[in-house]
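Using the sequences and the hints given, assemble the complete structure.
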Amino acid sequence: MAWLKLNNREMFDELKGRYSRSLSKVYDAEFREVMETVKAILQPLSKDKGKPGALRHAGSNSSLNREGSKRSIGGGGGGGGGADSNPADSSSSSTLSSIAATLGSSVATLDNVFEKVLDALEPMVDSEETFCQAFFDLQPSVQQQTSTLTSSVMSTVSDDCTILSVDSGDSRQSLTRQEGKQELDELLKQIFSSAVSFLDALASACHSVSAEFSMQMLVRSADRSDRQSGRGRHLGYLYAQLCLRAKQRFDQFIDQIPRCGVVAPVLSYEKFASRAGPVFRDSKRLPDLERAHEKLLETLVNLVERGRSGARENTARCENFHRLESIVRSQRMQRLDRMRRDLSDRHKQNRTEYVRNYMGRPLEKLSEFFDGVEQNLSRGVTPDEVGYLQQYSRAELKKIIRDYPAKDVKRNLEQLRKRVEKHLSEEGSLLTAVWHEMQQTLLAQYNQFNRLIAQCYPMPIWLWSSPIMICCDSLMTSAAEAVPDMFSLLFCNWFINL
Numbered sequence: 003m004a005w006l007k008l009n010n011r012e013m014f015d016e017l018k019g020r021y022s023r024s025l026s027k028v029y030d031a032e033f034r035e036v037m038e039t040v041k042a043i044l045q046p047l048s049k050d051k052g053k054p055g056a057l058r059h060a061g062s063n064s065s066l067n068r069e070g071s072k073r074s075i076g077g078g079g080g081g082g083g084g085a086d087s088n089p090a091d092s093s094s095s096s097t098l099s100s101i102a103a104t105l106g107s108s109v110a111t112l113d114n115v116f117e118k119v120l121d122a123l124e125p126m127v128d129s130e131e132t133f134c135q136a137f138f139d140l141q142p143s144v145q146q147q148t149s150t151l152t153s154s155v156m157s158t159v160s161d162d163c164t165i166l167s168v169d170s171g172d173s174r175q176s177l178t179r180q181e182g183k184q185e186l187d188e189l190l191k192q193i194f195s196s197a198v199s200f201l202d203a204l205a206s207a208c209h210s211v212s213a214e215f216s217m218q219m220l221v222r223s224a225d226r227s228d229r230q231s232g233r234g235r236h237l238g239y240l241y242a243q244l245c246l247r248a249k250q251r252f253d254q255f256i257d258q259i260p261r262c263g264v265v266a267p268v269l270s271y272e273k274f275a276s277r278a279g280p281v282f283r284d285s286k287r288l289p290d291l292e293r294a295h296e297k298l299l300e301t302l303v304n305l306v307e308r309g310r311s312g313a314r315e316n317t318a319r320c321e322n323f324h325r326l327e328s329i330v331r332s333q334r335m336q337r338l339d340r341m342r343r344d345l346s347d348r349h350k351q352n353r354t355e356y357v358r359n360y361m362g363r364p365l366e367k368l369s370e371f372f373d374g375v376e377q378n379l380s381r382g383v384t385p386d387e388v389g390y391l392q393q394y395s396r397a398e399l400k401k402i403i404r405d406y407p408a409k410d411v412k413r414n415l416e417q418l419r420k421r422v423e424k425h426l427s428e429e430g431s432l433l434t435a436v437w438h439e440m441q442q443t444l445l446a447q448y449n450q451f452n453r454l455i456a457q458c459y460p461m462p463i464w465l466w467s468s469p470i471m472i473c474c475d476s477l478m479t480s481a482a483e484a485v486p487d488m489f490s491l492l493f494c495n496w497f498i499n500l
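If you use the working numbering, the sequence shown corresponds to residues 3 to 500, in order.
It cannot be assumed that every hint is accurate.
As the list claims (entries may be wrong) - List of simulated lysine-lysine pairs, PhoX-like, C-alpha gap at most 25 Å: (1) LYS249 <-> LYS424; (2) LYS7 <-> LYS249; (3) LYS27 <-> LYS41; (4) LYS273 <-> LYS249; (5) LYS420 <-> LYS367.
It should be emphasised that the hints constitute simulated quantities derived from the structure, not laboratory data.
Now the structure itself:
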């Protein structure tokens, strides 16, 4: 092949292309067989699936363990042997079939199957790479490197053994090695064109059975990727792709973890209230039910308040008091009015703290600027004179507003909304109330800025009053999703009119 590569490159490339296309079909078929076997083993572990179907024949599934892989690729020096599996040998298939029966927990079973597949992949890919590298002469041998380097050095020595110059043979040889490495990588990507999708399917199958297993997948794939680091092997590329997909599943798992949420006793109380109401509605024993509600609510309030201080615990208290208030309001018992008001106060207090903790002080530079304006006004500086102070001039205000482009304001508000959605659990039904309070906080800040601009930086009313007031009125009545666009427009009006 080395001679053909030097003397007839076109035929060499054609032969290499035929080989890669043929082996790609072989490995693609084997990956599909392996994936079906894995799914059949994992199927009983998934609650959302029916009874597992019968396993297919074990012909190409022999690559699911190390011995099967070495046997399947042993002939032909690497890739071609993958198609010559012996259907009579079903040892690996029987081993896989017994996994679900021998291992108790789903995570342990997933771990076993996941490791078996990766253990089979390593020798298969490494052997194929070694064969292609040697058969297609895609990297110069040690002898070639030595002879080229020697001739390069000898050509720089004169007859009197004085070194005249240094030839560029070293750089040419490095370039040759780099080109050979790139050509080998391209060939292996063609041969294992379905390997990345296979690993993605493996990660999806394991994640669908147990989202928690994404942690093990990420650790296992990262460890294997680290072991391949620096070797320059194609297996390192495949493990890097698997690690990326495992990280995506891990992020999904984290996003699905319930946030602070409503505690179980509150949910139990909600069930009790919904069932007891119809039973006692027309009974003379209704006062007994009201006293029971009072006792339960006092216990639940103490339970929720016992949580430690902090942003996460504050979110939990906010959600639980909001849920308790909704439950008490739905009971329509006059005796519980005092408790309802207490729950409402606690809910609002914790909601305000949550908004302050997670929202912070938006538009901080503008806030500091107008804080200084108000301080000057409180010291007796007239509004007309404020604009002539160098630190609080109209030009300085315009410069600060320029630091808040409309796109950035919109993006920050959207990120704030997403952060709130992640913090609050769905069962708390609190998202709308919290986001509304954040809207009101932003509007209050905007109205304060607007008042100071009108007071200290006057301009013709037709330049700014109508557009801003229209936007403000629209903002007050708009849906939560429209807030970023509205604030972007407000900032544009500010900048244009100053």
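Here's how the hints hold up against the structure:
For the hint pairing LYS249 with LYS424, the CA-to-CA distance comes to about 18 Å; that is within 25 Å, so the pair holds. Proximity of LYS7 to LYS249 is assessed by CA-CA distance (about 42 Å); at most 25 Å being required, the pair is judged violated. Distance check on the hinted pair: LYS27 and LYS41 sit about 21 Å apart at the alpha-carbon level, within 25 Å; holds. About 38 Å separates the Cα atoms of LYS273 and LYS249, which puts this hinted pair outside 25 Å; it is violated.
Restraint check for LYS420 and LYS367: the C-alpha separation of about 24 Å stays at or below 25 Å, so the hint holds.
Consistency note: the structure conflicts with the earlier hints numbered 2 and 4.
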